[in-house]
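Protein chains in written order, with the numbering used here: chain A, 296 to 448; chain B, 29 to 278.
Read the hints as simulated data drawn from the structure, not as lab findings. Since we're looking at a predicted model, the values are computed, not measured. All C-beta atoms in this analysis are idealised placements derived from N, C-alpha and C, irrespective of residue type, glycine included. Among the hints, a few may not be true.
[Said to hold, decoys possible] Looking from chain A toward chain B, a few residues come up when the C-beta cut is under 7 angstroms (computed):
(1) P393
(2) D394
(3) L395
(4) E398
(5) D417
(6) A421
(7) K422
(8) M428
(9) L432
(10) A433
Each chain, written out:
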Amino acid sequence: MNPRRQKRLLAVVAIVVLMGAAVWSMLMALSENIDHFYTPSEIIDGKAGAKPKVGQRLRIGGMVVPGTVKRDQDSLAVSFDLVDTGPAVTVSYSGILPDLFREGQGIVATGRLSESTHIIADEVLAKHDEEYMPPELAEKMKGIKHVKPSDAY
Amino acid sequence: MWKWLHPYAKSESTYQLCQTLFPWFAIPALLALMIGTIWGLVFAPADYQQGDSFRIIYIHVPSALLSMSTYAAMAIAAFIGLVWQIRTAYMAMMAIAPIGAAITFIALFTGAAWGKPMWGTWWVWDARLTSELVLLFLYLGVISLYKSFDDKLQAGKAAGVMALIGVINLPIIHYSVEWWNTLHQGATISKFDKPSIATEMLWPLLINILGMGLFIGALALKRLQNELLRRELHRPWVLKLLLKESKKSR
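Just chain B, same shape as in the assembly:
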């Protein structure tokens, strides 16, 4: 059943797969982010309570939502690496981690910039905000744990275990606004009910979420390719590839 996956244990085929997939992520990502952001910031109506300040939702919600999905993707890569002992999976994990950290930072930063005018404070030690901050620390922890080993297989194992432990935090982030009395409001779209946002405001938000997701995917593919090249610099397939590229550019 999983036989078709076997060729990708070879780094060269993974590299080629990334190469093929990249434009399918990058181009729609760019289009979606452009359409969604311009629609959201310029054409969507202002909110009845918050006026134009609510428009930061078009950056805040996609990055907050995807900071969690990205973590899940990283944890899946870690799990595959730990169970099936595939080193490409560890490389994928490390390709994803810094992107996740950056996106989490964006979520926290835009949230603070939104909180100041609306709530009246940059930061409160509210369950939602704190658990999202913990997510940033988890990403940074995984990265620094990986960097602290010289043996990359050991590094992958240790960082993978940490990434898996951190999965506990994902449901905590999601349900924090229900379990505790938080200043942060409840979920607007990530729930089973009808979204609590008017349709003409919802569309650009969904487009931006899609665009941000594809953008993260495109970045992860490129980073994985770079990591593969760096790690297998002296393998014949890399040398062949380099030779081909240098011929092309001449």
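With the rest of the complex left out, here is chain A:
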């Protein structure tokens, strides 16, 4: 094989490898997103007829129920209830919560199902929407009176 052809072959292989890597990482991202994602009511009633097993790793997305956040005074441990449209499940977590974590906020947690309605999370992420506005406007438009993240605790 002459060097020119060899180079061309190399180029084609590079394209194939890069495209492959691209598609592969896409699929990885998708499977992580699609797989094992539950809402609180799906954990209790089951998703597509199958309830998650105790001990299974899963992701849960829901809203923090106001008044259920309990913080341990001596450590970073915290527990709270998550809800969507049905019954709530309890999440325990030990670690630093994101700035946006507060009552009524949508969050996504990753962890292990320890009892049928209890999750021990090792990651808690806050999800926010695409709306940005000054506090005065938010109060007028939505009736939300939010505290600044730094003043929340």
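Dock chain B against the given chain A, drawing on the hints supplied.
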């Protein structure tokens, strides 16, 4: 209809065109970036949910948006090069590619720095974040593919094909937040609806997007000029130009 374009097949006229256009990009870019950034970081109100942390939007959104537009510009140059066999188009493609890679990196970096305090993580394998990372790899792939050939025409063809294939990724990035359940929020301004951002926060953002776009344009013009000089170093027009410059500086 396209006759007026024909003179620019000659490298010298392209060089001169870049020279004329450069100040029209560079000066407004500098002004817009200064106004937009200072307005956004100092004078715009804080967000109701995120407080002052939201201000990273003024760097993140322009770079993320323009990382995609820059890719489109590069792909158009690649397309022109492939179809009409114009080598200046390949040079334009390679002038744009590293700028695009840098701007994509800025988008990813500022996004990570924003994600840490707000979401609670630097990185998730979320569809939006992953597809933007793929965009960075596409830029790097185009650059390294081009560099791996000694024959620059061959190099342009190969890298051009790759740049064109990568266009598939652009709609994936844009719609990723709608098609999949992502941690990244939906589009704030790049949609047909009214932007979901208060007007006094929107203006500096738009100014910064404009400024960043012009800045990328100015950089691309300069890089194209450099590439033209480097490639045609022994052509009479370059020699004449050099002679003129050296006389001027003496």
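Results of checking the hints against the structure:
1. P393: 3 angstroms, holds
2. D394: 5 angstroms, holds
3. L395: Interface hint status for L395(A): holds (5 angstroms vs cutoff 7 angstroms).
4. E398: 13 angstroms, violated
5. D417: Constraint on D417(A) not satisfied, violated at 12 angstroms.
6. A421: OK, holds: A421(A) within 7 angstroms of chain B, min 6 angstroms.
7. K422: Interface hint status for K422(A): holds (6 angstroms vs cutoff 7 angstroms).
8. M428: 4 angstroms, holds
9. L432: Hint on L432(A): holds, closest Cβ of chain B at ~6 angstroms, below 7 angstroms.
10. A433: 4 angstroms, holds
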